[in-house]
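Using the numbering used here, you'd call the opening residue of the sequence shown number 878 and step up by one each time.
One or more of the hints may lead you astray.
Stated by the list, open to error - Distance condition first, Cα-Cα at most 25 angstroms in a straight line; then the derived DSS-like pairs of lysine-lysine:
#, residue 1, residue 2
1, K923, K912
2, K928, K912
3, K1061, K1007
Quick caveat, the hints were computed from the structure, so don't treat them as lab data. If you're wondering where the values come from, they're calculated on a predicted model, not measured in any experiment.
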Amino acid sequence: MLTHECRNKLTIDVGLIVVLTLPKATDISQNLHNKVSKAQTIKLLKELHEKKEIENKISANQIVDLDTRISVLHNDISLLRQKEKSLKLEIATLGPVEDIESPSELQARMEELVKAKAELSAEVTEIESKFHTQNSETNISPNDNGKPVPPTQNQNQNPDTNQTNSMPSKQGQEKLQADLEIWKKIAANRKTIVRNMWSIVRDGLLAIESLNSEETGEHSSDYNDDPDIDNEDDVETTRAADTQLSDEDLWVSTLSLLFTNWKFSTNKRLTVSQ
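Please model the entire structure based on the sequences and the hints provided.
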């Protein structure tokens, strides 16, 4: 608390309300050699003002700041009023709130639409099945510009021939082409297995032949060539084949080849030993 001497510095006459232009609380605290803190100074000044022992006077700078603040607030108020008018117009154009559907109503409508979509999908599937059935029961005659002709009518046009002259359908051509590609891959795979296994068997036969040639003085080169590979193009073709197709057939062919080569080498060895 301020001493009586400090209070006398702040007030000239206790009986009179003296108008003072007080500096900041920091300046007062510094003038008192920091014997009173800034917070205590602010509290004491407030108490003296409430007791009307001193009177606070607003400075000119504060008045200017208040005028600026008031003008800014007036501008904000005018802008907010304009925004309020625009929002009211927008609400009026949207219509009353009762016309807006609730979330439950929207969910019910969505379920109805999903059900209708499922029914339409079922109808489309049924129509497509009927269409494919009708196409399978009719033939396309090349002489009638692609128009479907019943089988009886097509047979009546060619009574002297027992063979049909109609071309395969597009689906039939695609199936034939797919089967052809599959068999090409199977043939290439089998050629690859034959080439690989023949190289293994050939090395074994050449080793046996070299041992026999040392005893008999004869030499044969019947196993130097691959009987199944004609040129380098075939080698590249077989290497590029898809080995994942028809594994059962390929392994059966490989085992058959191994068994045949084993029998051949066994007979050859028996012949040499005799």
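Hint check:
For a cut-off of 25 angstroms, the pair hint linking K923 to K912 stands: about 18 angstroms separates their Cα positions. Taking the CA atoms of K928 and K912, the gap is near 23 angstroms; set against the 25 angstroms cutoff, the hint holds. Pair hint K1061 plus K1007 does not hold up; C-alpha atoms about 36 angstroms apart against a cutoff of 25 angstroms.
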